[in-house]
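Peer 1: Using the sequences and the hints given, assemble the complete structure.
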Amino acid sequence: MQGLEVRGLSKKFGGLTVSENIDFDLKPGDRKALIGPNGAGKSTFSNLVTGILPPSSGTIRFDGVDIGKLNEAQRVKRGIAKTFQITTLFRDLTVRENLRLPILERQGRGFAMFRRADGNGETEAEVAALIDAFALEPLADKRVADLAYGQQRLVELALTLALKPRVLILDEPAAGVPSSETHLIVQAIEALPPDLAVLIIEHDMDLVFRVAAQIVVLVQGRILTEGTPQEIAANAQVRDLYLGGHGHD
Amino acid sequence: MMNRIAPFALLALAVALYFALPYNLAFLTRILIMAVLVLSLDLVLGFAGIATLGQAAFYGAGAYAAGLFAIHAWADPIAGLVVAGVAGAVLAFISGLIVLRAHGLTLIMLTIAVAAICHEIANKARDVTGGADGLRGIRMEPVLGLFEFDFVGQTGFWYALAVLAAVFTFLTLLTRAPFGLSLRGIHESPERMAAIGTSVYWRRVAAYTLGGAIAGVAGALSAQVTQLVSLESFSFTLSAEALIMLILGGTGRLYGAVLGTLVFMFVHHWAAANDPFNWLFVIGALVLAVVFFLPRGLVAVPTALKRLGGQNAGS
Numbered sequence: 052m053q054g055l056e057v058r059g060l061s062k063k064f065g066g067l068t069v070s071e072n073i074d075f076d077l078k079p080g081d082r083k084a085l086i087g088p089n090g091a092g093k094s095t096f097s098n099l100v101t102g103i104l105p106p107s108s109g110t111i112r113f114d115g116v117d118i119g120k121l122n123e124a125q126r127v128k129r130g131i132a133k134t135f136q137i138t139t140l141f142r143d144l145t146v147r148e149n150l151r152l153p154i155l156e157r158q159g160r161g162f163a164m165f166r167r168a169d170g171n172g173e174t175e176a177e178v179a180a181l182i183d184a185f186a187l188e189p190l191a192d193k194r195v196a197d198l199a200y201g202q203q204r205l206v207e208l209a210l211t212l213a214l215k216p217r218v219l220i221l222d223e224p225a226a227g228v229p230s231s232e233t234h235l236i237v238q239a240i241e242a243l244p245p246d247l248a249v250l251i252i253e254h255d256m257d258l259v260f261r262v263a264a265q266i267v268v269l270v271q272g273r274i275l276t277e278g279t280p281q282e283i284a285a286n287a288q289v290r291d292l293y294l295g296g297h298g299h300d
Numbered sequence: 085m086m087n088r089i090a091p092f093a094l095l096a097l098a099v100a101l102y103f104a105l106p107y108n109l110a111f112l113t114r115i116l117i118m119a120v121l122v123l124s125l126d127l128v129l130g131f132a133g134i135a136t137l138g139q140a141a142f143y144g145a146g147a148y149a150a151g152l153f154a155i156h157a158w159a160d161p162i163a164g165l166v167v168a169g170v171a172g173a174v175l176a177f178i179s180g181l182i183v184l185r186a187h188g189l190t191l192i193m194l195t196i197a198v199a200a201i202c203h204e205i206a207n208k209a210r211d212v213t214g215g216a217d218g219l220r221g222i223r224m225e226p227v228l229g230l231f232e233f234d235f236v237g238q239t240g241f242w243y244a245l246a247v248l249a250a251v252f253t254f255l256t257l258l259t260r261a262p263f264g265l266s267l268r269g270i271h272e273s274p275e276r277m278a279a280i281g282t283s284v285y286w287r288r289v290a291a292y293t294l295g296g297a298i299a300g301v302a303g304a305l306s307a308q309v310t311q312l313v314s315l316e317s318f319s320f321t322l323s324a325e326a327l328i329m330l331i332l333g334g335t336g337r338l339y340g341a342v343l344g345t346l347v348f349m350f351v352h353h354w355a356a357a358n359d360p361f362n363w364l365f366v367i368g369a370l371v372l373a374v375v376f377f378l379p380r381g382l383v384a385v386p387t388a389l390k391r392l393g394g395q396n397a398g399s
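Chains as they are written, first to last, in the working numbering: chain B, 52 to 300; chain Y, 85 to 399.
Source of the hints: derived by calculation from the structure; they are not laboratory data.
Where a beta carbon is used, it is the ideal one built from N, C-alpha and C, also for glycine.
A portion of the hints provided could be inaccurate.
Stated by the list, open to error - With a straight-line cut-off of 20 Å between C-alpha atoms, the simulated SDA-like cross-links for lysine to any residue are:
#: 1; chain 1: B; residue 1: K128; chain 2: Y; residue 2: A278
#: 2; chain 1: B; residue 1: K128; chain 2: Y; residue 2: S283
#: 3; chain 1: B; residue 1: K128; chain 2: B; residue 2: T110
#: 4; chain 1: B; residue 1: K128; chain 2: Y; residue 2: E275
#: 5; chain 1: B; residue 1: K128; chain 2: Y; residue 2: Y285
#: 6; chain 1: B; residue 1: K120; chain 2: Y; residue 2: A278
#: 7; chain 1: B; residue 1: K83; chain 2: B; residue 2: R58
#: 8; chain 1: B; residue 1: K128; chain 2: Y; residue 2: V284
#: 9; chain 1: B; residue 1: K215; chain 2: B; residue 2: G80
#: 10; chain 1: B; residue 1: K193; chain 2: Y; residue 2: S283
#: 11; chain 1: B; residue 1: K120; chain 2: Y; residue 2: Y285
#: 12; chain 1: Y; residue 1: K208; chain 2: Y; residue 2: S319
#: 13; chain 1: B; residue 1: K120; chain 2: Y; residue 2: V284
#: 14; chain 1: B; residue 1: K193; chain 2: Y; residue 2: W286
#: 15; chain 1: Y; residue 1: K208; chain 2: Y; residue 2: E316
#: 16; chain 1: B; residue 1: K193; chain 2: Y; residue 2: L327
#: 17; chain 1: B; residue 1: K83; chain 2: B; residue 2: R217
#: 18; chain 1: B; residue 1: K120; chain 2: Y; residue 2: W286
#: 19; chain 1: B; residue 1: K128; chain 2: Y; residue 2: P274
#: 20; chain 1: B; residue 1: K215; chain 2: Y; residue 2: A278
#: 21; chain 1: B; residue 1: K120; chain 2: Y; residue 2: G281
#: 22; chain 1: B; residue 1: K83; chain 2: B; residue 2: I274
As the list claims (entries may be wrong) - Partial list, derived from the structure: chain B residues whose beta carbon lies under 7 Å from chain Y:
#: 23; residue: D143
#: 24; residue: E156
#: 25; residue: A163
#: 26; residue: M164
As the list claims (entries may be wrong) - Covered, in the sense of this in silico footprint (three residues per stretch, anywhere, with C-beta under 8 Å from a C-beta of chain B), are these stretches of chain Y:
#: 27; region: 144-155
#: 28; region: 260-271
Peer 2: Here's what the structure looks like:
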């Protein structure tokens, strides 16, 4: 199968089971959201898929190849990338430098010692294209630490896309972003390449219902149900357990 | 702007000091050698963010390697520098494979342990190293076959200055390269660097190895210029002083390392000459003042003055 194929994935911390027997598929072009109450195991699932955490049992295959033994960096090189729930950028570097770093790494130039980091035309063209795509030109030479939080989230997304991933996991992309800036995140997600497989982990239901074609509901580490936004909104169990009885209009 | 001007200003200052203090060339040369060591620490700590209090391990390894090489093989200074650089790099690589698996306080303790082990090995291997009496009998050939090491220390000064300039230039190129950018990235966020596909561990090992090579070169300079290697080359005090010099000048700027060394050594020299028993109070007060008022080190003085000027103009 093309894309991500997760079977029987479980994770235990001592006696505590945080992910239990999860089956999950993500194909090229998918727009899936993973929702669930706090402590449902959403971020743990993301960390298992990206290799930050080793699973207790189960398999993770990407394009039919078992990637369960690969570390985080090796999975990134295969094309699985994620944004962080809490912005994790290089705060003392400029926006341009933040974007240059992942491109250099992807191009295999990260270890070069005797040429300028900004001296490669191919790299700089990619940096410029990303800055243009995310309308970051006025901010390009500012330190990331000096940007508004919403702008930092955009840089975070641009930085992850610089890796040219085939699977993109967005871990709460709108977390901490003021409502006045959320539209920037939505626009950026809507403009993602159509063949990119996207998994959004998000609490903001408005955002989820706008951008996801399929929603997976996770409760206490197990998948409760999966369906279209309309099906999820109409699901009585979900309304009771997660939406507090208020469906999405 | 400062990044471009500072190296030339420091070079001009070194030349000026040579003419201003012609009878203190040994002291000035010691400053230059220490600056090379502190630059190596700046690469490791200031750029790669590896907290260490054991940089003297590689300095000592380089010093003994250069001394033994001169005594038993070839007394050419440049060849000695190469051998010392390799010795420092090999020790840093091997120890780095182990210590860089740790973080925080554990890492610091392990780096101290490596230097302490080296100190003890040098102490016990008396037949080879001279033990507590130090390694003596080092006689160097002229630099490039032309410049004899003289009693006054003129050749030693210019030789050390040339090596410092070469190391500074090398590190400037390195830190502007993708490798240097990745080290800054690791310093800021190792998690993010892993998430963009970087093997953070191996990149840190590489930086630590390069830092070890440069510290080894500093050790070789000391051995060649003073024609003596003592156990103090591995001492904790040397590592700690190098760290203080770096913090004093400012990390991650290269010229901060040189500036910090210069200020520390001069204050140390002046304070010890005036009060041989209480000079540490002066050093302590200086470090406290810099940490409190200039947390980014002396390199931040122009920015602080500009800000102060702006506040005065505004009030």
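Peer 1: It remains to establish, for every hint, whether it holds in the given structure.
Peer 2: Hint-by-hint comparison with the structure:
Under the criterion of a C-alpha separation no larger than 20 Å, the hint pairing K128/B with A278/Y is consistent with the structure, at around 11 Å. Restraint check for K128/B and S283/Y: the C-alpha separation of about 11 Å stays at or below 20 Å, so the hint holds. Using a Cα cut-off of 20 Å, the hinted pair K128/B and T110/B holds, with the two alpha carbons roughly 19 Å apart. Distance check on the hinted pair: K128/B and E275/Y sit about 15 Å apart at the alpha-carbon level, within 20 Å; holds.
Taken as a hint, the K128/B and Y285/Y pair is honoured in the structure, with Cα atoms around 16 Å apart against an allowance of 20 Å. With a C-alpha separation of about 16 Å, the suggested pair K120/B and A278/Y falls inside the 20 Å cut-off, and the hint holds. Restraint check: the Cα-Cα separation between K83/B and R58/B comes to about 17 Å, which is no more than 20 Å; the hinted pair holds. For the proposed pair K128/B and V284/Y, the alpha carbon gap of about 14 Å is at most 20 Å, so the pair holds.
With a C-alpha separation of about 14 Å, the suggested pair K215/B and G80/B falls inside the 20 Å cut-off, and the hint holds. The straight-line distance between the Cα atoms of K193/B and S283/Y is roughly 27 Å, outside the 20 Å bound, and the hint therefore fails. Between K120/B and Y285/Y the alpha-carbon distance is near 18 Å, which keeps this suggested pair within the 20 Å criterion. A threshold of 20 Å between alpha carbons decides the hint, and for K208/Y with S319/Y the separation of about 15 Å falls inside it, so the pair holds.
Between K120/B and V284/Y the CA atoms are separated by roughly 18 Å; this keeps the pair inside 20 Å, and the hint holds. For a cut-off of 20 Å, the pair hint linking K193/B to W286/Y is broken: about 30 Å separates their Cα positions. A hinted pair counts as satisfied when its Cα atoms are at most 20 Å apart, and K208/Y with E316/Y qualifies at roughly 14 Å. Proposed proximity of K193/B and L327/Y is contradicted: the alpha carbons are some 30 Å apart, above 20 Å.
Straight-line distance between C-alpha atoms of K83/B and R217/B comes to about 14 Å, which keeps the hinted pair within the 20 Å bound. Taking the CA atoms of K120/B and W286/Y, the gap is near 19 Å; set against the 20 Å cutoff, the hint holds. Pair hint K128/B plus P274/Y holds up; C-alpha atoms about 17 Å apart against a cutoff of 20 Å. Proposed proximity of K215/B and A278/Y is supported: the alpha carbons are some 16 Å apart, at most 20 Å.
With a CA separation close to 15 Å, the supplied pair K120/B and G281/Y stays within the 20 Å bound. Proximity of K83/B to I274/B is assessed by CA-CA distance (about 14 Å); at most 20 Å being required, the pair is judged to hold. At about 6 Å, the closest approach between the beta carbon of D143/B and any beta carbon in chain Y falls short of 7 Å, and the interface hint on this residue holds. The interface hint given for E156/B is met, as the beta carbon of that residue sits about 5 Å from the closest beta carbon of chain Y, less than 7 Å.
This hint holds: A163/B has a C-beta 5 Å from the nearest C-beta of chain Y, less than the 7 Å allowed. Hint status for M164/B: holds, given a least beta-carbon distance of 5 Å to chain Y, under 7 Å. Counting residues of the region 144-155 of chain Y whose beta carbon lies closer than 8 Å to any beta carbon of chain B gives 0, which falls below the threshold of three, so the coverage claim is violated. For the region 260-271 of chain Y, the assignment as covered by chain B holds, since 9 residues bring a beta-carbon within under 8 Å of that chain's beta-carbons and 3 suffice.
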